[in-house]
Amino acid sequence: MVTKLISKIERRVIVVRDVNRFHHFKDGQ
0 MVTKLISKIE RRVIVVRDVN RFHHFKDGQ
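Start counting the sequence shown at 0; every next residue gets the next number (numbering that gives the first Met the number 0).
Since the hints were derived computationally from the structure, they do not count as laboratory data. The hints are all genuine.
Distance windows between CB atoms, simulated:
hint: 1; residue 1: G27; residue 2: K7; range: 29 to 35 Å
hint: 2; residue 1: R20; residue 2: M0; range: 27 to 33 Å
hint: 3; residue 1: D26; residue 2: M0; range: 35 to 41 Å
hint: 4; residue 1: V1; residue 2: F21; range: 29 to 35 Å
hint: 5; residue 1: G27; residue 2: M0; range: 36 to 42 Å
hint: 6; residue 1: K3; residue 2: H23; range: 29 to 35 Å
hint: 7; residue 1: G27; residue 2: V1; range: 34 to 40 Å
hint: 8; residue 1: L4; residue 2: F24; range: 27 to 33 Å
hint: 9; residue 1: M0; residue 2: F21; range: 29 to 35 Å
hint: 10; residue 1: H22; residue 2: T2; range: 29 to 35 Å
hint: 11; residue 1: K25; residue 2: I5; range: 26 to 32 Å
hint: 12; residue 1: S6; residue 2: D26; range: 26 to 32 Å
Note that CB positions come from ideal geometry on N, CA and C, so glycine has one too.
Could you build the full structure based on these sequences and the hints that come with them?
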């Protein structure tokens with residue numbers, strides 16, 4: 000299913016973005 004694949008990719012992008020923001024927040028403290 001194309002929609003399932005897209006949702007999986009979007010979820011991965013969101014996770015990567017959250018991880019990057021978390022690392023940035025940790026480095027900033």
